[in-house]
Amino acid sequence: MDEGKKILLSSFWCSQGWHKTEITDEVFELCKKQGYMFDPPVVVTHEEFFRQLDDVLKKTDPKDVANAFLYSLSTRELEFRSALGSYWYAVSIPENMKKDDPYLCGWSRWSDFQLKRSSGYNVLNFERYKWGGVRHTDPTYALFDLEQFLLLPKVTPKDEDIRILKEILSCVSEIKPSDKVGALQKTITSKKIFSSNKSEVQILLNILGICGVLSSADHPCYADKFAPCDGSRDPVESKNDYDYPVNRWYARDGINTDRLKIVFGGYDFT
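Start counting the sequence shown at 2; every next residue gets the next number (this note's numbering).
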């Protein structure tokens, strides 16, 4: 593991959970040089932000994004996993919402106060490497994530990766129709299908929901019907801390095979 990656991960997390560690100028410059830490973000206008987002989306091939997600399953290189959620959220934002939606406007700008080194893009990058991202439906994270994705090498999944996703999806039929995503996570984790942990599986299921594989007719993915930030995508129960739409998914909804083909076209998961 690169020294910069070790420093990034240890700067935000310890055995007790979240924490923050201030680092020296010398260490910070090392992490910057290796591409793991960044200077504080530059505040841009709403219009400039979405111009940048549109530009990076044009450069991003959804096939490469799908391949990277699959590749991450056997390698556990979680920075390759994150972009699938960010891409399918960002590419689904309606043009009219880019122009005048107040929630998107609020998300797309950093406050103009001086950010500490431990904030800004650094915590976002930590989340990419630690769990495969967390804030995929935050436009700021989506832009950062996709910019970083374009710097990664293109990868090709192995047969093992296809097998892993196939087994993950097969777990849906092993739980009760009334079960929710939490039961699916427990089943996947207990079966030890691949090297992972509870938090990583939770994020993986969030991503499968965002791209539409785990979505339903009543609560479709963003590409089918973009959900505004007005409470309609909040979970129906307080203990459900998953993201929309998988936070409203039931096992009886099954796998959205149409979205599976769109997102992972060319691979056979039957």
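Keep in mind that a hint or two might mislead.
Pairs of lysine to aspartate or glutamate, DMTMM-like flavour, derived with a Cα cap of 25 angstroms [stated by the list, open to error]:
#1 K64 with D40
#2 K192 with D180
#3 K155 with E48
#4 K100 with D65
#5 K64 with E148
#6 K100 with E48
#7 K131 with E78
Quick list of simulated restraints, FRET-style, between CB atoms [unchecked claim]:
#8 V43 with D269: 43 to 53 angstroms
#9 E96 with T271: 52 to 62 angstroms
#10 W14 with E161: 43 to 53 angstroms
#11 E30 with T271: 13 to 23 angstroms
#12 E27 with K167: 17 to 27 angstroms
#13 P178 with E30: 11 to 21 angstroms
#14 T25 with K226: 26 to 36 angstroms
#15 K193 with E96: 29 to 39 angstroms
#16 N198 with S171: 36 to 46 angstroms
Note that these hints are calculated values from the structure, not bench results. Quick reminder that beta carbons are idealized off the backbone N, C-alpha and C, glycines included.
Hint-by-hint comparison with the structure:
About 31 angstroms separates the Cα atoms of K64 and D40, which puts this hinted pair outside 25 angstroms; it is violated. Between K192 and D180 the CA atoms are separated by roughly 17 angstroms; this keeps the pair inside 25 angstroms, and the hint holds. About 30 angstroms separates the Cα atoms of K155 and E48, which puts this hinted pair outside 25 angstroms; it is violated. A threshold of 25 angstroms between alpha carbons decides the hint, and for K100 with D65 the separation of about 29 angstroms lies outside it, so the pair is violated.
Proposed proximity of K64 and E148 is supported: the alpha carbons are some 16 angstroms apart, at most 25 angstroms. A threshold of 25 angstroms between alpha carbons decides the hint, and for K100 with E48 the separation of about 7 angstroms falls inside it, so the pair holds. At most 25 angstroms may separate the alpha-carbon atoms for a hinted pair to count; K131 and E78 meet this at roughly 9 angstroms. At roughly 45 angstroms, the beta-carbon separation of V43 and D269 lies within the given 43 to 53 angstroms, and the hint holds.
The supplied range of 52 to 62 angstroms is broken by E96 and T271, whose beta-carbon atoms lie about 36 angstroms from each other. About 28 angstroms separates the C-beta atoms of W14 and E161, a value inconsistent with the hinted range of 43 to 53 angstroms. Distance hint check for E30 and T271: the Cβ-Cβ separation is about 51 angstroms, which falls outside the suggested range of 13 to 23 angstroms. Judged by the Cβ atoms, the range 17 to 27 angstroms given for E27 and K167 is violated: they are separated by roughly 47 angstroms.
Range check, P178 to E30: about 55 angstroms between beta-carbon atoms, so the 11 to 21 angstroms window is missed. A C-beta distance of roughly 49 angstroms is found between T25 and K226, which places it outside the suggested range of 26 to 36 angstroms. With their beta carbons about 44 angstroms apart, K193 and E96 fall outside the hinted range of 29 to 39 angstroms. Separation of N198 from S171 is about 20 angstroms and departs from the stated range, judged on CB atoms against 36 to 46 angstroms.
Going through the hint list in order, the structure does not satisfy hints 1, 3, 4, 9, 10, 11, 12, 13, 14, 15 and 16.
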